[in-house]
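Chains as they are written, first to last, in our numbering: chain D, 1 to 307; chain H, 1001 to 1400; chain A, 2001 to 2325; chain S, 3001 to 3248.
None of these hints come from the bench; they were simulated from the model. Bear in mind the structure is a predicted one, so any value in this text is a computation, not a measurement. No residue lacks a Cβ here, since even glycine has one placed at the ideal position from N, Cα and C. Keep in mind that the hints are not guaranteed to be accurate.
[Claimed, not checked] Okay, the calculated beta carbon distance ranges per label pair:
(1) H:Lys1166 <-> D:Val57: 36 to 46 Å
(2) D:Ala75 <-> H:Arg1377: 32 to 42 Å
(3) A:Leu2302 <-> H:Lys1166: 56 to 66 Å
(4) A:Glu2139 <-> H:Glu1192: 22 to 32 Å
(5) H:Gly1063 <-> A:Met2280: 24 to 34 Å
(6) S:Glu3130 <-> A:Arg2312: 51 to 61 Å
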Amino acid sequence: MDSALLITQLLNGLQLGILLFLLAAGLTLIFGIMDFINLAHGSFYMVGAYICGTLVVLLDSFVLGVLLAIPLTMAVGYVTEVLIARSLYLRDHLDHVLATFGIILIFDTVTHLIWGAEGMVIPLPDWLNGQITVSETIQLPSYRIAIISVGLLVAAGMYYVVSKTRLGMLIRAGASNRTMVQALGVDIKVLFSLVFAAGAAIAGVAGMMISPITGASIGMGNDIIIVAFVVIIIGGIGSIKGAFVGALIVGMIDTLGRSYLDQLLKLFMNTETAETAAPAISAMLIYILMAIILAVRPQGLFPPKVR
Amino acid sequence: MKKALKAAVYGLFLTATPWLGTASAADSAPVKIGFVTTLTTPAAVIGNDMKNGFDLALEHIGGEMGGRKVDVFVEDDGFKPETGKQAADKLVTQEKVDFVTGFIWSHVLLASVKSVLDSDTFLISANAGPTQLAGKGCNKDFFSISWANDQIPMAMGEALNQEGIKSVYIMAPNYASGKDMMAAVEMTYKGEIKGRDMTKWGADTQLDFSAELSKAKASGADALWAFYPGKAGGAFVSQFMQAGLADTMKLYTVYTLDGISLPKMQEAGLTAALGSRGTQNWSPDMDNAANQKFVSDFLAKHGTYPSFYAQQAYDAVMLIKSAVDAVGGDLSDKDAVRAALVKADFASTRGKFKFGNNHFPIQDFYLREVVADSEGRWTTKIVSKIFTDHQDPHAVDCKM
Amino acid sequence: MRTSNFLTPKWLFSVALLLLLAVTPILSDIFDQAFYLSIATRILILTIAAISLNFILGYGGMISLGHAAFIGIGAYCVGIPIYHDYSSGWLHIFLAITVSALFALITGAISLRTKGVHFIMITMAFAQMAFFLFLSMDEYGGDDGLTIWYDSEFFSGIDIDNPTTFYYICFVSLILVMYLYHRLVASRFGRVIRGAKSNEKRMQALGYSTYNYRLVAYVISGAVCGYAGALMGNYTNFISPDMMGWTRSGELIFMVVLGGTATAFGPVFGVLSFLVLEEMLPNVMDMIHDGAGFYWHLPFGLILLFVVLFVRGGISGFLDRLGKR
Amino acid sequence: MTILLEVRGLHKSFGGVIATKNVSLDVMEGEVHAIIGPNGAGKTTLISQLCGEQFPDAGKVRFNGRDITKASGPARAKMGIARSFQITTVFQDMTLLENVALAAQAHDGHSFHFWRNANSEPEINRQAMERLKEVGLEAKAMTLSREVSHGEHRQLEIAMALATEPKMLLLDEPMAGMGSEESQRMIEILQRFKGQKTMLLVEHDMDAVFALADRISVLVYGEIIATDTPDAIRDNEAVKRAYLGEEA
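Use the sequences and the hints to build the structure in full.
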């Protein structure tokens, strides 16, 4: 096996994992604290990408665009929470699924109205568009490194906030025991809004990071959100650590599956069957993993300690 | 009894809906054309360009065919076979159109074809050319103005032979056309295929090609051969550059770099596109009167070069007009209309044009290169002719 | 149970609706609108699917976000045999029901070990697997779907290619399925399923292995939904993995909730209003402003939100309240 | 008299907290055996291990001569352990009759009957009606259970437990949340079964315990510190210190 290829693939897996983590982190907290299934979390991923793309073109600066887009996405998240999500927390899961399904339709159509159906190409500055040469055979696209760094930075920031601050203490407490937080006399409404909006902003960052690669498009969040749900279920609902590990596992399995499964299958079957079967099976891999984990360890790999 | 009831019911509605009353005046009734394309999802860029070509054709013919007005019913396929099929159903059962055209996607066309043909309506594909319909599945009422899917990749394989490319890595989306293309490569390309990848397509299109590009890079192939229509093309070329492949591998594409994707790539500074080559049956720089009128008017109206989607939609309208004109606007004799369609007596933007026995065109294929025009806009230019009067290999299976 | 239930708005509305559905082919013939017959057929088929979901979701509290998979499996059980020239409709129906039931048995056996959001997600995961499985079957069109070139064949006298004949086959199927579930809900089994939704702990304390009962309910639901899929295959004459996507399952749930969960007529109301909305909204919006029809998902999403937030018990619940006034 | 329920060395801990500590206990056939103890003594944990909702870390549970330590909740119910819940858990959307019929149906073999209308099965309905009569609810048989009072819910719980024709009733605080009048009625109902049904009663209400119990076990910090007749328990110094003393 080509080691240069393997290293690149591992890096790609890491990148996908990081992006998934950014989505899953908010999702898992919102689910853990508010007991709210938010299928529309992926919409913030899309909204973030579109806002950022618009700003980047407008200001002609990628970094400035991203920095401005983050609070704006957070604001969108906040408004969504106050207008709609808030009144759903006490409803059952079925209502969550349906209402957030409706929110997805609304976000997608409004995006269509504002930005058109075609999607958006987000240009990268030259300094991010190059290559970093590690060795003769290994060259890494610098933007990928940037994504991974930003992702790890956000992850580290979240780790700091969640584990070292009073706010983080409340969030952790909320994820494991809701009544306890209320007993502490915290204004639970504000905490909920904050978590929701922050989750939206972090999902938005993921969208902003990926859009220079794939472009921004309507519905871009709807499929990845399902993968993010797979992540938080594997990791254990409500657990940031679980989301992180789960995201990396899913990112790696998906990327390595796509790259090496056909070679693996060729050991058992003829080339042509392997090449046609590989894409489908590699797409199924993460769902198979989730089904196995749910069947064996329904609470996920790292469930929050007390529930 | 039933008739009386029908009359009574219609009588009730006549006052409210006056248009029902005029429907019986057959001669002055408009020719109805249904147009199915993608107007939502990111693939709408293609659908809109195609519709621009379609609209331009209608404008050029003054909205008239055989002395009758043309009524157009545009339907969105949502980039999904099922939605497209429902749209086609609606066109033939509710609107009762005379012709159905459009269709970017092979899978959408394959889904819709039964509904349309079962209702004895003419179906003229303006882009999709699934091989299934060129061979055994050919039908007297089905026409393709474009190609059989594998013709362009066959031309590509031949072009690569001519260019002296020893080995390639192939990437294509995993759907009917992508599969047709993969199969076509082996028919003509004589070099080594170092590897191939088929990526997710449809509403859930895979747009991050990092894993595949890494494999391509590691394969050490001379060239990368890709097929990514519409938006995916932009994403593909940008990642091709980011992965640093532009310096080590030559890029060849089919159905990827066109009037839709090139302006966006230029905007995003994806210079890897410049100089890359691909095969096609048409190019905006083709030198014939019909094409020059089409391209210059399109440029004037929309500010971009037309894509082949627009060009083929334009040709489709011209083909329909030629048939309706030939029968003097009387569409009641289907055989006469069909015979007129087969004749294909219209000025194609491709210059010469004729149908083979399977109602797919017999035509020339060219190698084109991405260049900047006199005003600096990126477009394609013909480099050489690869095939002359090429007919798809499936035509022999068509018993018609 | 209570005999005074007749002549309530809901009852009148339900009967009127069934009568209307019974004469739809005649009306569509009079008005020469074959298109509406086609939509009505779709309504009937999806209602059968919605009823099957309603039993486990409404009465049983099992929120399956993967029910569209059964429609897809049922449809492929028509498409694949026909592709190989096995045209017997009896074979197709047998396959559709048994394969769906088997899929339900295997996936249900695993899924039902979980609760709440985990159940929602694992049913979705299994549906995604089915989706990708059919996606990978190139022989049967994969992603591009499979055109069914002719319909299932039953007796020599019945031509289900005829839209009216096919409509009545669907109509009779719907009535039979409604009756089947009417019996099922009231039976001992139905009572156990309802009890398990209401209070699982108590059911176990009473000695019920709720898991077994749920699994059987899930299998029955899958089988009936697979039958709807077989009808769907004959209806659309085209099948693709798209039919099994998670958003389709979401739509099916919405139909059930819109109509009113755990009610006999809820699925009928729900599917009907869903499809009518889907058909009408774009047209109505286009009338208001040309081209606005493309954005019909916006009011549709708002309606969905409105129903979830404010319309308790869906249309059925609304009609009940109308009766109490 | 034979031992119906035999508990030996039951042990259960959560993390570092020991909830059940080496509990041994015998419930004789036909007796009313009460378990009392201050809040947090681990009564609920003990009960849930007896009826199969949780499983002990160590120890044995035998019922009617069979080892049931590893048996599931439904399996134990089928062997004849019926329980009532501390928090009312009835089927709110069903009539009282249906509630009890569902319980009776559980005893009457499997419930894979798909076709026949369960509401018109005379035998099950007769049994259910009888149980309702026994707890004094026959007048409300056709009322939806969400429409009756809290006290009546508790009575319904007893009727449901009885309908499975159990060998032993496991009653988890049947008087919880009741007014004195309602409690009194419940005590009367339970007294009717004294001597006929074996009962394991976990209860806070001392009046009820002393009125009903043949023997009492005192649970403190997960440990049984005494088991004896009510009179002996009343005079037990250790119990007084650990438990009654607090209340006084």
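Consistency of the hints with the structure:
Checked against the given bound of 36 to 46 Å, the beta carbons of H:Lys1166 and D:Val57, roughly 41 Å apart, stay inside it. Separation of D:Ala75 from H:Arg1377 is about 39 Å and conforms to the stated range, judged on CB atoms against 32 to 42 Å. The hinted range of 56 to 66 Å is satisfied by A:Leu2302 and H:Lys1166, whose Cβ atoms lie roughly 59 Å apart. A hinted range of 22 to 32 Å holds for the C-beta pair A:Glu2139 and H:Glu1192, which are about 28 Å apart.
In this structure, H:Gly1063 and A:Met2280 meet the distance hint of 24 to 34 Å, their C-beta atoms being roughly 29 Å apart. Taken as a hint, the range 51 to 61 Å is violated for the pair S:Glu3130 and A:Arg2312, whose Cβ atoms sit roughly 37 Å apart.
When the structure is compared with the earlier hints, a violation turns up for hint 6 alone.
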